[in-house]
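Asks: Letter by letter, the chains look like this.
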Amino acid sequence: MTAIDERVLKLDPEEARRVRQERLERIGRWVLPLAIMILAIWLWDRICVWNAIPQYILPRPGVVLSTLYSDAGLLFSSLLVTLRITFLSLLLAVVGGVGLAVLFAQSKWVEMSFFPFAIVLQVTPIVAIFPLINIYVDNQTTKLLLCAWIVAFFPILSNTTLGLNSVDRNLRDMFKLNGATRWQQLRYLRLPAAMPYFLGGLKIAGGLSLIGAVVAEFVAGATGQSSGLASRIIEAGYRLNAPRLFAALFLISLTGILIFLVLSLISHLILRRWHESALKQER
Amino acid sequence: MIQEKVAQTTASASGVVPTLLALRGVGKVFSNGVTALSDVNLTIREGDFLSLLGPSGCGKSTALRLIAGLSTPTSGVLDWRADGSLDRSNIGFVFQEPTLLPWASVFDNVWLPLRLKGVSRAKAAPAVMEMLARVHLTSVENAVPRELSGGMKMRVSIARAMVTKPRVLLMDEPFAALDEITRFKLNNDLLELWQDERFTVVFVTHSVFESVFLSNRVVVMAARPGRVFDELAIEASYPRDEAFRTSPDYAALCRQTSDVLINAINSTAGAHHDGH
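One line per chain: the protein sequences are A and B, in this order. Residues in the first sequence are numbered from 1 upward in steps of one, following the numbering used here. Residues in the second sequence are numbered from 284 upward in steps of one, following the numbering used here.
Pulled out of the complex, with its shape left as it was, chain B reads as follows (with noise of 0.2 Å):
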């Protein structure tokens, strides 16, 4: 019921701006009998930063892992943009964990997916340093990743996902493992990026607070099996700085959008409950 109504508000909403991808009644079945997603309605629109919050064990990466491609769904549809621009390499995505290969340099980490397309180092430099650049890292290109803070690990892999220019970012939890300090640098240097560039993304996180504070849109999750539970519309403008973050508005989002989220847990549990 909760997510035809989600279905009904993006799909008026959307008349506005184009929609990038659609996911219509999209479910995963694991061979193990797991039902890690079921009947996910979604719309994604040209330009969102959508969240997708939920406890561990909702599907949310799993969608994340459908979206890319690295996966195909049991039942549904995901449907592209009908003109048929966007494919494969349109698609940035960052991991959990920073996943460089160790043995590269900084500069040969991001040079990578130019590549694997055939673009020689000295082709590449450009975007390469360009990019290093955009996530405020200069002068370590030479460095190895075991070198460098795990927070400038993620940039180097952030600098990676956006060194194609793709069109969509797709992020898993990317800063889970990092320290506040760094994890709050990191969001406001990730929503400039965004602001400066204009592209989608979409952000797997369980943490209220990083998703109000990025996204314009939250679709919150319940686990067992995973669904769309509701979604907020975060309606603070941007740019949002270190102001927002203490501001009462920030506050009150993020007590509706934990509302919510209690709300979803909770009716996995209640589910849980019934079942005995």
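The following block holds chain A by itself, in its conformation from the complex (with noise of 0.2 Å):
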């Protein structure tokens, strides 16, 4: 479109500079992290030539994508669950994050309550706590679960009130005139007002959720019991296994970049109509 436009009006110097500026600035937001990428495993490469490094201390990028390939049914099924722990924890994260914070926003005085001992959950570490899970619960999956939603669900939770409370004073006062139930103003006014920012709180879990889930496993896992990807990377650190110790985290982090990217994908599609954060600038 802008080389149509260039064609068309007979830009002043300035006005053609910033055109040229915006599509190299388009050019480099993909390339230039590609470029940094590709150079990093080739610089990665080269330091285990040049070095002679073994293998099981740092293998070559070749290594881990040929064990990627050769242990991908074991790998692939370790994914499956930490996958599931996941998805499963993020669900649960969102059903409490927004079932609690429209528990708190019926009443000041519920907030005022308990919204601290949210706090406390969140700000414990999960590895600290998780021993306390690991005793008193016994299902392995539960114990999974409940470690990934304490991580997750605190950011849905705290944005989603901070949105249910965020309405337009304005709005409030149309919704009264009009005799809006409560019920009603939750569903029509607060619930939506609040969407920019629980979609907000979701990006964050949806990491966390992983995060919870690779951790809780890492703990659980020191004991034997789970086979999710990080049991995966403890057992192939045992083994000086390291090309698959590396294969796991890169299917971790790669699932990690995924999850985000669906989730900023859902977010934009509900919100690109009428929210300013989906809007392009338009000048």
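Watch out, some of these pointers could steer you wrong.
What the hints assert, rightly or not - Label pairs and their in silico Cβ distance ranges: (1) B:312 / A:117: 37 to 43 Å; (2) A:56 / B:429: 55 to 61 Å; (3) A:117 / B:409: 49 to 55 Å.
As the list claims (entries may be wrong) - Taking lysine to any residue pairs in the SDA-like style, the calculated list, with each CA pair at most 20 Å apart, reads: (4) A:176 / B:348; (5) B:468 / B:416; (6) A:176 / B:398; (7) B:400 / A:181; (8) A:176 / B:354; (9) A:176 / B:380; (10) A:203 / A:91; (11) B:400 / A:171; (12) A:176 / B:399; (13) A:176 / A:192; (14) B:468 / B:380.
Treat the hints as calculated values from the structure; they're not laboratory data. Beta carbons: idealized from backbone N, C-alpha and C, even for Gly.
Mind assembling these two chains? They're in different frames, but the hints should get you there.
Replies: So, in structure tokens, the structure goes:
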């Protein structure tokens, strides 16, 4: 589109420079990170070769890739286990976070009474809580879920609470004037108004639920009960199987990135028509 | 003293047109000690287009909120028509900002008051579409507010306030944020709507020109404490159009109103000065 504009319009030097700058930035946004990534991988490979580093210390990138292929069955079934915990805990975090936020929104008193507990739960490191969960909960899946949930629910709770409370004062008066019930106000005003805040929390919670799942597996995996990606990493560490360790790590990162991208897309699709954050700048 | 005089004139006039609402000795003191309104006596008659005109801080918005029932007076009473035929559902309110739901389409925004009363989308559609046509907004019912200009947003806001066919329309400086050309257009359209439907309007503004152009009565208020300073009858016939806007009559009325407003502002400044 800019190219057409340029041909039709006679641009003055300043505008032409701006158009050129914009085009460069658009390309650079993709090309630069990719180039740096490729350079880093190449350097990694060279360092391994130049210093003759043994494979069990630092495998070459190619070896990691071939391990990913040769161990695919094992790694992907483990990934599935981790993903199941991740998504279930994210789902529970959404239900729990939004549910609690709605409850808090019903009365300032409820919020004042219970919000501090949510903060305590959030700031206590999950690794420190897990041994307790390990004692009280028998079922392995429940254990992991609970752990991942504790990590993931807070951003949703905190953001949704903020969103439910930041409704325009006049809109609230307008609902009052029209005799809206509490439920109608929640349904037609506060929940939609909280949507951008909730989606912001969801993006954070998505990443956190993966972290929570992996951390939980790590702690649980130490006792040899889990079969997720984290336990594959521990196992590979014991066996000095560095290529598999790297391959598992790679899969976890990739999953995290995918979760973030999918949640960003969902957020964009929901907000694109009305919310400032999803709008293109028009000047 | 002036207030008493006003009360008397309106009382004598109310013999002709039924009184809709009478404010008797209404005062409002906020918890921070600010007296927003003090001893306000005001009679609003059926079919009035009444403007509350005054400097900022004179309590005109507070008065409007009291009338709407969004706030309760500290002293005095609001006497609604004795026959009990009026309640909150007979009031439409237009805020200073368009105050639309940003995620909802124009249609859904106008539907909202009906929706809150349990009217389904299909059942509400004729009323909503008619109201949109009345404010000259057709074929944008699927747009969301951010896709509209400031003037169009205000039209949606008016359509929403009017969709329940209220007997009283309260407007809180609705056109203050609009440019002059858009404001004139909306003034004309609002008058047209008012003449067709003959509802009662209480219109808060700080513009002399706007209040004179629109109203049959202008109530000038003064600040610190917020009070009714004087009332003027704008004796120019409707319909008022662009020709009226440039007529000598209009200019004279504006001058007269402006003089009263200046006195109202000076009365506050004087009181302030005396206090020191």
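Asks: Compare the structure with each hint and give your call.
Replies: Structure-based check of all given hints:
{"no.": "1", "hint": "B:312 / A:117: 37 to 43 Å", "result": "40 Å, holds"}
{"no.": "2", "hint": "A:56 / B:429: 55 to 61 Å", "result": "58 Å, holds"}
{"no.": "3", "hint": "A:117 / B:409: 49 to 55 Å", "result": "51 Å, holds"}
{"no.": "4", "hint": "A:176 / B:348", "result": "12 Å, holds"}
{"no.": "5", "hint": "B:468 / B:416", "result": "15 Å, holds"}
{"no.": "6", "hint": "A:176 / B:398", "result": "14 Å, holds"}
{"no.": "7", "hint": "B:400 / A:181", "result": "10 Å, holds"}
{"no.": "8", "hint": "A:176 / B:354", "result": "11 Å, holds"}
{"no.": "9", "hint": "A:176 / B:380", "result": "17 Å, holds"}
{"no.": "10", "hint": "A:203 / A:91", "result": "13 Å, holds"}
{"no.": "11", "hint": "B:400 / A:171", "result": "17 Å, holds"}
{"no.": "12", "hint": "A:176 / B:399", "result": "10 Å, holds"}
{"no.": "13", "hint": "A:176 / A:192", "result": "17 Å, holds"}
{"no.": "14", "hint": "B:468 / B:380", "result": "17 Å, holds"}
In summary, this structure violates none of the numbered hints.
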